[in-house]
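J.: Let chain Y serve as the given structure and place chain R on it in line with the hints.
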Amino acid sequence: MSITEKQQEIVAEFALFDDWMQRYEYMIELGKSLPLISPEYKNDDHIIKGCQSKVWVHATLDDDKIAFTADSDAIITKGIIAILIRVFSNQHPKEILASETGFIDEIGLKEHLSPTRANGLVSMIKQLKMYALAYQTQLS
Amino acid sequence: MDLMFKTALDVSRIRNDFPILHRQVNGQDLVYLDNAATSQTPLPVIDAISDYYKHTNANIHRGVHALSQEATDQFEQARQKIQVHVNAAHAHEIILTSGTTHAINLVASGFTSLLQKGDELIVSALEHHANIVPWQMLCERTGAKLLVIPMTENGTLDMEAYKGLLSSRTKVVFVNHVSNALGIINPIESIISQAHDVSAAVLIDGAQATPHMVPDVQALDVEFYTTSAHKICGPTGIGMLYGKEEWLRKLPPYQGGGEMIDQVTFEKTTYADLPHKFEAGTPNIAGGVGFGAAIDYMQGIGFDAIAAHENDLLQHATEKLKRIEGLHIYGDVSQKVAVISFNVAGIHPYDIGTLLDKMGIAVRTGHHCCQPIMDFYKIPGTIRASFAFYNTHEEVERFVAGVEKAVDMLR
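Sequence order for the protein chains is Y and R.
Going by our numbering, the first residue of the first sequence is number 1, and it counts up by one from there.
Going by our numbering, the first residue of the second sequence is number 1, and it counts up by one from there.
Only chain Y is shown next, with the shape it has when bound in the complex (with noise of 0.2 Å):
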């Protein structure tokens, strides 16, 4: 599935709930099924700046795909890393770089988010694409 098909999944999902309470339901739900980062990479190398909870990211290039692993200390946090991670893992860097963000808008997570998460959003696919630029560049 391409980034664009998963992020259409994702959206569709959200519209599936009433009110935001159900979502947010949903996304503590979605924190459960993150694919979590390895104790040894839970360190402040791995961190990301710019969030308010802790938020740790790594990844790994298999077959030309990244993998994302990831943890946080805050469940809404978790779910809301692990949606970008669904969307992104499993892909090609050059894909991922390519990539639109605009399904965040699409189902309103941002404006639902306090200032604070929302600017952690932003760090968190910063850092995604970061990890994406660092393997393009060693696989060209």
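Source of the hints: derived by calculation from the structure; they are not laboratory data.
One thing to keep in mind: the hints can contain errors.
Said to hold, decoys possible - Below, a sample of chain R positions facing chain Y; criterion: calculated Cβ distance under 8 Å: (1) Asn26; (2) His348; (3) Tyr350; (4) Asp351; (5) Thr354; (6) Leu355; (7) Lys358; (8) Pro380; (9) Met409; (10) Leu410.
Unchecked claim - Not close to chain R: a few residues of chain Y, all C-beta gaps over 10 Å, as computed: (11) Val11; (12) Leu84; (13) Ser89; (14) Met130.
Ideal placement from N, C-alpha and C gives every residue a C-beta, glycine not left out.
T.: The following block gives chain R in isolation, referenced to the frame of chain Y:
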């Protein structure tokens, strides 16, 4: 529930003065419990600011024309209201600043020329960053040393340790009247008198105390006391510094500019007398007028009634919250204002704060600009609910139910 709490306040009538309290957030009636960050603004204050711009707006202290004189009168009347409110001996001991942070920076900057290497300053472990950083900068400039009164597990200051820190080297002690992160009322009378025993000056940050009580600066015998208008139903961007006249004369001007001068030549400038020496540039005139109106409004309600109602809300919320499994209140002592700082075991404060927001309930989450306190408890932050006289027992019920629901979702 209301029957349990006999209160002299007609809260539903008071709430009509606050249009913002009737709006919805995320489809729910707003429950505003972030009053320690900023209080809401009642119509008489909004009207005072609006009327000022509609009828009086002019620059002050200089013009010969009628508007300028009326604006000057209104601004100076506000200063007098503040003077009377905090019981200062003179109106010129009240400096209008942009807020508490500005006031503290003004004093800390002024001490640069009064300190020497080896002098000591004493701060409490409970301070807002605004009452730490300006003094650290002062220490860097002068070589003075910053000593810290430690806190104890229940959030109170270790007064025995304070006694041990004081010496003839102590020059300034700066402590908040009420801790913004925990709501604890500090024993400032004792802190001030002990500082005076070693001839040290004291600055009290009253930003979190003034919404709940009236300081008497002469009875306290304090050198400096400061607060921000927006904590007591006034506008943002205006606050006050009280300083004993002799101390305000000792400190050099903070900023140069118009308003603060007596004579200017390129050879030498002489400074204006108090309070203008510390009020360079055109001040926040409308803000000053709003500050005065806010004091009138709060006095009209009455601080005794305010304190009694807020204490009822505090007892109600504390008792209900404690029934939630794993919930821990930081600084749960008897000497405190209507602020509850808490966490629920195993749950990040941001998660609870985010879900409460979805339910229309505004609380603060985070370190509350008090990272040293959070480090002491080894936590990333807390959830802080802070109550005002316009909050109701129904809102306490909705808040507690909201926390319960959030905890259910997050566990």
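J.: Answer holds if the nearest beta-carbon of chain Y is closer than 8 Å to that of R:Asp351; otherwise answer violated.
T.: holds (5 Å)
J.: Beyond 10 Å from chain R, beta-carbon-wise, is Y:Ser89?
T.: Holds: least Cβ distance 24 Å, greater than 10 Å.
J.: Per the CB criterion, is R:Met409 less than 8 Å away from chain Y?
T.: Result: holds, 6 Å to nearest chain Y Cβ.
J.: Is the nearest Cβ of chain R still more than 10 Å from the Cβ of Y:Leu84?
T.: At roughly 17 Å from the nearest Cβ of chain R, Y:Leu84 sits farther out than 10 Å, so the non-interface label holds.
J.: Far enough from chain R: is every CB of that chain over 10 Å from the CB of Y:Met130?
T.: holds (24 Å)
J.: Just to be careful: measuring from the Cβ of R:Thr354 to every Cβ in chain Y, is the smallest value less than 8 Å?
T.: Given a least distance of 5 Å, the restraint on R:Thr354 holds.
J.: Just to be careful: measuring from the Cβ of R:Asn26 to every Cβ in chain Y, is the smallest value less than 8 Å?
T.: The hint holds - R:Asn26 has a Cβ within 8 Å of chain Y, the shortest such distance being about 7 Å.
J.: How about R:Lys358: closest beta carbon in chain Y under 8 Å, or not?
T.: The hint holds - R:Lys358 has a Cβ within 8 Å of chain Y, the shortest such distance being about 5 Å.
J.: Just want to verify: Y:Val11 was marked as not at the interface with chain R; is every Cβ pair farther apart than 10 Å?
T.: Holds, since 20 Å exceeds 10 Å.
J.: Is the interface hint for R:Leu355 satisfied, with its Cβ closer than 8 Å to some Cβ of chain Y?
T.: Holds, because the Cβ-Cβ distance from R:Leu355 to chain Y comes to roughly 6 Å (cut-off 8 Å).
J.: Holds or violated: R:Leu410 as interface residue toward chain Y, Cβ cutoff 8 Å?
T.: Holds, about 5 Å.
J.: Would you settle whether the hint for R:His348 is holds or violated, based on the nearest Cβ-Cβ distance to chain Y being less than 8 Å?
T.: holds (4 Å)
Violated hints: none; the structure is consistent with every hint.
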